[in-house]
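There are 2 protein chains.
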Amino acid sequence: MTARIVDVETIDVRFPTSRSLDGSDAMNEAPDYSAAYVVLHVEGEGSSASVSGGHGFTFTIGRGNDLATRAAQAVGERAVGLSVEEIAADLGGFSRHLLGDSQLRWLGPDKGAIHLGTAAVVNAGWDLAAKLADKPVWKLLSDFTPQQIVDLVDWRYLKDALTPDAALEMLEARVPGRAGREAHVREHGYPAYTTSAGWLGYDDEKLARLCREAVEQGWDSVKLKVGADLGDDVRRCRIARRIIGPERRLMIDANQTLGVAEAVEWAEALKEFDIWWFEEPTSPDDVLGHAAIARSIKPIHVATGEHAHNAVMFKQFLQADAIGICQIDACRLGGVNEAVASLLLAAAHGVPVCPHAGGVGLCELVQHLSIFDYVAVSGSMEDRVIEYVDHLHEHFLDPVRVRGSRYMVPRAPGYSAQIRRETLEAHRYPDGSVWSGPRQVTS
Amino acid sequence: MTARIVDVETIDVRFPTSRSLDGSDAMNEAPDYSAAYVVLHVEGEGSSASVSGGHGFTFTIGRGNDLATRAAQAVGERAVGLSVEEIAADLGGFSRHLLGDSQLRWLGPDKGAIHLGTAAVVNAGWDLAAKLADKPVWKLLSDFTPQQIVDLVDWRYLKDALTPDAALEMLEARVPGRAGREAHVREHGYPAYTTSAGWLGYDDEKLARLCREAVEQGWDSVKLKVGADLGDDVRRCRIARRIIGPERRLMIDANQTLGVAEAVEWAEALKEFDIWWFEEPTSPDDVLGHAAIARSIKPIHVATGEHAHNAVMFKQFLQADAIGICQIDACRLGGVNEAVASLLLAAAHGVPVCPHAGGVGLCELVQHLSIFDYVAVSGSMEDRVIEYVDHLHEHFLDPVRVRGSRYMVPRAPGYSAQIRRETLEAHRYPDGSVWSGPRQVTS
Chain A
9 MTARIVDVET IDVRFPTSRS LDGSDAMNEA PDYSAAYVVL HVEGEGSSAS
59 VSGGHGFTFT IGRGNDLATR AAQAVGERAV GLSVEEIAAD LGGFSRHLLG
109 DSQLRWLGPD KGAIHLGTAA VVNAGWDLAA KLADKPVWKL LSDFTPQQIV
159 DLVDWRYLKD ALTPDAALEM LEARVPGRAG REAHVREHGY PAYTTSAGWL
209 GYDDEKLARL CREAVEQGWD SVKLKVGADL GDDVRRCRIA RRIIGPERRL
259 MIDANQTLGV AEAVEWAEAL KEFDIWWFEE PTSPDDVLGH AAIARSIKPI
309 HVATGEHAHN AVMFKQFLQA DAIGICQIDA CRLGGVNEAV ASLLLAAAHG
359 VPVCPHAGGV GLCELVQHLS IFDYVAVSGS MEDRVIEYVD HLHEHFLDPV
409 RVRGSRYMVP RAPGYSAQIR RETLEAHRYP DGSVWSGPRQ VTS
Chain B
9 MTARIVDVET IDVRFPTSRS LDGSDAMNEA PDYSAAYVVL HVEGEGSSAS
59 VSGGHGFTFT IGRGNDLATR AAQAVGERAV GLSVEEIAAD LGGFSRHLLG
109 DSQLRWLGPD KGAIHLGTAA VVNAGWDLAA KLADKPVWKL LSDFTPQQIV
159 DLVDWRYLKD ALTPDAALEM LEARVPGRAG REAHVREHGY PAYTTSAGWL
209 GYDDEKLARL CREAVEQGWD SVKLKVGADL GDDVRRCRIA RRIIGPERRL
259 MIDANQTLGV AEAVEWAEAL KEFDIWWFEE PTSPDDVLGH AAIARSIKPI
309 HVATGEHAHN AVMFKQFLQA DAIGICQIDA CRLGGVNEAV ASLLLAAAHG
359 VPVCPHAGGV GLCELVQHLS IFDYVAVSGS MEDRVIEYVD HLHEHFLDPV
409 RVRGSRYMVP RAPGYSAQIR RETLEAHRYP DGSVWSGPRQ VTS
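Chains as they are written, first to last, in our numbering: chain A, 9 to 451; chain B, 9 to 451.
One chain only, chain A, in its complex shape:
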């Protein structure tokens, strides 16, 4: 008798982060960090997967989280009745099955609310498969054969940039070093950088204080939000560079607010502060625009990806030399499978992956992807850092552990995606106690 998914539960979970302007930037002035949360309930034999179910989510910033939740419900119903063992044995097929409803596909395709909802369900399936294997997702992935990894990916639209055979060859070349790299990352962790210092809603004094604290806490890199006013940004970058000194890395992030020519102008004005990367300079859909910016602002790298909705977008950013830093998002992409596709494409093009994180639980997820990338795909940590924001980790059963400026390797089985039941209940929108209690926030 095998275990089967018997029910999908979805919960609209929101955190009232707009009350303190945590997470503010030039495009997103007052977000309420939210998760469209999915539990795949399992019945059958008594593995840990059967007991706790598969947990996954996608991230949004407030209004509209109901749409992502409803999308996850529609996609999740396609998982009901499937065998957990069969999912675990063919995670590529599982992902393709979830993406394969031709009517739901029309809402994307492979983008927007339906893709966010799909990511939540795919991620929950990976949580389930990893629990069944009694491994964290990074380890499950890192123990796969090269062929198993290649089989996770839908190659239909990717073969002009990377063939399955070339991916296989690249992965096979990394097999001999896997054990050594795994031991290394288990001992030393994976490098991180912090965005907590530089939210746009903070004043100069708070910016300076947070930069000082970042240095004291041992961070090697700091990222500032820019893009609303160039004069302000020059002043804020000057403050940050003065405090962090010449050795640490400084990055800037315009959150899509600029046109191509303006982005070049911004980089020109800020380059005196020795900027490592310029993130989301313009529309996330504009491959050719990013390529034009990248050509103009060297040696500053263009970085983007938190709004790159699928692997076809990353394929093009890489083909066009439009990005020097690839910022995959564990929930904007359609879950682990599409993230793996993007890791393969980036490694084949020699571009470092520095995942987008922060939000709700994105740090918890992307650490698995970067560690897998190091062990089995790119084989390198050079110029690679995972974003870290010190918000909301306390709500997770298996929160990230960051020591100094490094992520420690997660050890619990699964995808570190499980939110505490009491949090789910208190933050459920609109009827949880956080939202229905005496302090109301206008939406």
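Don't take every hint at face value.
Remember, identical chains collapse to one label, so a pair may be satisfied in a single copy or spanning two.
[As the list claims (entries may be wrong)] Dumping the calculated BS3-like pairs for lysine-lysine here, alpha-carbon to alpha-carbon at most 27 angstroms:
hint	residue 1	residue 2
1	K143	K214
2	K306	K167
3	K143	K167
4	K214	K279
5	K306	K279
6	K279	K167
7	K279	K143
8	K167	K214
9	K306	K143
FYI, nobody ran anything at the bench for these hints, they're computed from the structure. Small disclaimer: the values here were computed from a predicted structure and weren't measured.
Add chain B to chain A, keeping to what the hints say.
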């Protein structure tokens, strides 16, 4: 006293088209054509706008239409309280206001369910403005000054391909010929082509019969769905070409099913049938892939756009010489404003616009855009045809009128978007009589 929007009503309307395989293609095997329908209810002075309200919709193919409807509701609530006169005086500002919710924007940005919902509301606002002016939308647009047209567009991400000044100059050069072209199109209509013959679900005999009927009805061009099996497609194109003869145009449409190399292979095998355009050969997000295909399959033109989600995508398709035919969609783009942006970009690049239509009411909408393009933007009908599918027009208050192979100019005030109230009630999902009656369709 001015008229104001006092309420937004949204309705999930679905037609059970999958029962007959109308609309089947290689990607979309059994669609139920649907509309996420919006009514902006108005109170105030007694204009026709106040009486009937503003009507708009977006198109989907069944499951997920509830998401698009809910997205339209969320966006539509931003319109409640606005003055109809102020909307009509600044339709650019109206569109920017609807797109400007930073939390909802996260679900896209500018793509997917939230953008489809936005399109429905923007379209309803245009219906309202046109009714207030007592003109059809094409005429409202065609009477705008060049500066008013330029002001409809959000130029933030477009200026690297076309500046507002260059657009203004192009539009001013068309002003002297407007009156003559308007008289011409009123008399002769606008050219159309039919897709009704070539749905993939039809057998060879039905294909042959429908091609013969198309010729008898006076059509100059016929489009076939391809992409599932190359052998079948060679046989079907041979049948079609034999029946329509050497003079009429034949187009093919793969509905995104192919990779870049496969698309080139398909074109190679079918070019003996003298193909005018090859539509949606691959992923709609793949600008560089379309460009590679376009370079390889000349003189066949690459056509795409029904899934191009915003003007930034059309900008790139045009910059990269990736398309020879630009197929804007009145509901996939964020409504009239973004369609106007795309018309300007296409005209500036010398690429003909042949809008996507069919579905529910897309023919009703896009005729306004093409007629405006002819009168005031490109000034040409050469190599331009509007798709025509003879489904579901009977449900509209102001249905398209096609004579021979040409669309007749719409005359009623508004955007021809209004569906009959009895249809809305019978087809409302899931409780309308069509869906809750004795004959049920499994979803």
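Structure-based check of all given hints:
no.	hint	result
1	K143 - K214	neither (41 angstroms within a copy, 56 angstroms between copies)
2	K306 - K167	between (29 angstroms within a copy, 22 angstroms between copies)
3	K143 - K167	neither (31 angstroms within a copy, 50 angstroms between copies)
4	K214 - K279	within (23 angstroms within a copy, 65 angstroms between copies)
5	K306 - K279	within (10 angstroms within a copy, 44 angstroms between copies)
6	K279 - K167	between (37 angstroms within a copy, 24 angstroms between copies)
7	K279 - K143	neither (44 angstroms within a copy, 53 angstroms between copies)
8	K167 - K214	neither (48 angstroms within a copy, 36 angstroms between copies)
9	K306 - K143	neither (42 angstroms within a copy, 52 angstroms between copies)
Figure legend: structure checked against the earlier numbered hints; hints not met, in rising order: 1, 3, 7, 8 and 9.
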